[in-house]
Structures are given as C-alpha cells and as structure tokens.
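Q: Single-letter residue listing:
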Amino acid sequence: MALQDVSGFQDTPMSHMWNTPASLSGSVPFRCDNRHTSLSSLSTSSSPPTRRPFPLSHGTTTLAFVFQGGVIAAADTRASCSGLVACPSAQKILPIHSHLLVTTSGSGADCMLWERILAREIRLYQLRHGRRLSITGSAKLLSHMLHPFKGTDVCVAAILCGWDVEEVRVEEFKGQRVDRMGSGRDDSISPAKRPIEETVMSTSDACSQDDLTDCACERTRHAVTDVDLTRSPVRDRCGPKLFYVCSDGTRLQGELFSVGSGSPYAYGVLDGEVRWSLNEEEAISLAREAVYRATHRDAYSGNCVDLFHITAQGYCRRDREDLREEYHRNRERVLKRGKEESEEDKK
Amino acid sequence: MEYLIGIQGQDFVLVAADNVAAHSIVKMKQDQDKMFKLSDKILLLCVGEAGDTVQFAEYIQKNIQLYKMRNGYELSPTAAANFTRKNLADYLRSRTPYHVNLLLAGFDETDGPGLYYMDHLSALAKAPFAAHGHGAYLTLSILDRYYRPDLTRDEAMDLLKKCIEELNHRFILNLPSFSVRLIDKDGTHDLEKLIPVGAK
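So the sequences go chain by chain: A and B. If you're matching positions, the first sequence starts at 1 in this note's numbering and goes up one per residue. If you're matching positions, the second sequence starts at 1001 in this note's numbering and goes up one per residue.
To be clear, the hints were calculated from the coordinates, so they are not data collected in a lab. It should be emphasised that the depicted structure is a prediction, and the values quoted were computed from it without experimental measurement. In this text, a Cβ means the ideal position worked out from N, Cα and C, and glycines have one as well. Hints are supplied without guarantee of correctness; some may be wrong.
[Said to hold, decoys possible] 25 Å max Cα-Cα, derived BS3-like pairs, lysine-lysine: (1) K1193/B with K150/A; (2) K1029/B with K1126/B; (3) K140/A with K1161/B; (4) K1068/B with K1029/B; (5) K1027/B with K1068/B; (6) K1086/B with K150/A; (7) K1029/B with K140/A; (8) K140/A with K1162/B; (9) K150/A with K1029/B; (10) K1126/B with K140/A.
[What the hints assert, rightly or not] Residues on chain A that point at chain B, a partial pick, calculated with CB under 7 Å: (11) V85; (12) P88; (13) P95; (14) D248; (15) T250; (16) N279.
[Claimed, not checked] Some but not every residue of chain B turned toward chain A, in silico, with C-beta under 10 Å: (17) D1031; (18) S1141; (19) R1145.
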C-alpha cells in the first residue's frame, strides 16, 4: 500500500497469497513480494501476477451519490489505453433496467461483459419469480458471480445506482386490487404474494419517502408527508440505493462513491458539498463540477461528462456535455471573481 | 489498517472493531460493521483482504444457521470456532485461500464466555484477550499490563478505551470510530460507538 511505503512500515511477508494458475507451477506457495499501488496510478485493480501483452490502465472518473431527489450518477467519457486516448466518447454508465444503472470502471471489456451478464440474470430472476430483484440483491448477485474470478485479471469496479421500487400485492387490503408502483415495463408479469405485515410497513415507508414524485399510492390513503430533509432513507427497504461492487469481492452500501483514477479529486469536491437536502439543479451541477475537476487533474479522465438522474419513476439521462464548456465557464467565473475583488479593493 | 480487539471477563466478552472500509488511500465507507452475528451469543469479527472478509464470514454465518435448522440446536462457541478454523484450513492450500483474520467471541451455557483468536494461516487459540491489525502491536502490551481475569464490565470498557486512546495517539492512520458489542448470558448487546476525541 502507498501509505506503507511512505511510512516505511514492513508488512508481514504473507500479505499477498493469491495463487493464480500461472504462478502455482514451481513457485513457493507464499510469495513475499509486496506490490504497492503508487500514488500516481490509483487504479482499482490488484497487481497482475501474469505478464500482460500490453499494460492495461484503468483511467476513469465515475461517481454517484444519493440525495433527497434520488440518485445522481456521473462519469467521464475517456477510454484510455497505455497513454493514448482510445476513445473520447465511451459510455461508462450503462442502464440495466429502468431503475438500475451501473457505472463502470476497470477493464472496459470486463465491465461490458459482466454488466450484460448481470442484466441477463436480473431478467431471468424477474421471469422466474415474478418480481424484480432488489438493488441489494443485484449487488450481491454481481458480487457472488465475480468471486470465483478473484485473483485473476478480471477487473471490474462498479457502482450500482438504483431505486428500489416497492411492489404492493395486498389484495387483502379492504378487498381492493392494488396497483404496482413505479416501473411500467413489466406489467404483464403477475406479481408474487408478500406477507401482510411486511407490506403494510413498507407501504408507509414508501409513501413517506416519495417526495418530488407523485407517489402512485392509489392503494391506501396514507398522508404523503413532506420530504424529511434531514433523513436519509438509504437503510430502508425501498428508495434510492447505492452499492460499490468490486471484482476483488468488496461490496459496500453507501451514499457517496467515486471510483477510478480520478476519484480522489472527485472526492475532494464532493465530500465538502454533498448534502441530503440538495435540490436537483444543485446536485447535477455539483456532479458535473466534480467530474470536471477530476478530469482537469487526472490525465486518464477527460473529454465529456455523462449525467444520469434516478428517481422513483426510473432514470433519466441528460445530454452528454463537453467539459471544454465547463472549462470556459469556470475561467469566466474566476475572471469575474478576480475583477470583482479588484474593484472592491479599489473602493 | 483495520483493527479488532476482544477482552474476556468473568461472565462476558467485550469486542470492538473499527468502522473504516478503505481502498488504497481512500476511505470508501466510514460506518462499516465488521462483526457478523453467527447466533444469539456468538459474534465473528472479520478483517483482511477486501472481498474475502464478507464472503467467508457470510459463508460461516449461513452454515452455522443451517446447522441449527437441521439439528434443532445451536453450535457452541468452541464448536463454531473449530468449524471456522477447519474451513480456513481447507481453503488454505487450495488455489483460492481466504486471507482473513478473525476473532470469534461467544458465551456458552456450560463453559461461560470464550474468545477465540484465528489468523489467516488458520491458527486457533482460545485467549483471554486478543487483537488483530497493525494496531495490535501498539495495544497488546496495554492489555498485558492491565488485564485481569476478574474484570468487571466497566473495567473492561475502561481498558478498551485505553487501547483506543493509544491508537488515536500513536497509530499513523486515523480510525475515527469503533463499534463495540458485549456478549453475556443474555445475548449480544450493542454498546455505544467509541469515537476517540480529537479525531474527526
């Protein structure tokens, strides 16, 4: 680890024990070398024990955070490969279904493949069980599918951003036939039954969380309370969810994640400014600025920014924006501020 | 970079773990719970390689629960510890060893409280107090000095606080908060998170 280098701490020699098939033949079971990621290339992959035909780099900046209006996901669009820009307009945020997006980081091919596999498995689950897999379940599914490949060169570091839509199946509720809330894609599938207490509780949860969106609560007549600006419902059963899933097996739920070589720069902007109570405009401009700052400093991120916004209704995608515009806007802002300050001084 | 500690008293076990989930130099998460409930009176604390911790701990957790479902009674802490160790040992010489360091804390009706130390080489030792992580180097001597087998709950808590203050003072990495739990004959109790003063 970088900090171990800096502090000169000698780690125990058994720190890296992953035996890949290539290294097993002939070499000592426990390798004593410490491979540290250097500060200049904060990639998310573990060091490759086998020789690659060419160096893979994982340059990207992706980020996602939760706020009262849903989930914002943003990413740059530069696909780099050993020092050159392979594609200036790659798409790093891939929709899986109407309420789930995945941001990709790591090896492009691996991410594309695994997200297609994830989409397939989620769809199969939906067909088999009659209800959509929750975001938590999707994260766990991806994590377990990647686990057998741990120690190989598969490198996927994804943020699953989604909105868990609560499905109400309470025919017992005053004999009314209740409607499903949210996604309209799969109306044809007959939903599975759920126990009553569970559904009653989740009904009230769902209603209290749906703020900007018109809560499709044709079911019960709960009062839709104003959005609680201080509360963050990510721990509740439905609502916005954010998971970080990595091919090394990490699976974390959280409210703010940034992944990629540009992520520390993005964290610097986001950590100070992200709050639950942001409105949509502020959240989007914050996400855009974080990606911009990261692309400004990180050589492996750049070109344009993709912004997605997920609410209870599903995701909506903003047009791709060239960060050159943001650069010029920023310059004007700085110049204007400089001018104002010098005028103040003159007074 | 992670830290686990366990202290066994006369009729309880006190355990604590830090809350940081880090990736390279970045703290990805600051409220990660590293304790896994194996049963009402058994906790497994797990640190180590990124994905292995959760995968292995959940695997053990589900298997313990399966045993209960199949046989109608729960495994004792000793049995659970040995089961865990056996699994670690089996995977150790496979192509995919689990690189995890564990503390298993439990309370048995007949044997009383127990704290088991396990490391990634699947060593198992029942110990009155134990710690994992780089912070262990700094705190084991404190435990050696002040530990007594007849510690009360408050005294054990003070000893734990002493250790965490030492980490706060001397350890190069900032560990802003620690989850604390206590196991006794009444089950597992969540105690207040410990937040060392001076840390953000």
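Q: Find the hints from earlier in the document that the structure breaks and name them by number, from lowest to highest.
A: 1, 2, 3, 4, 5, 8, 10, 11, 12, 13, 16, 18 and 19
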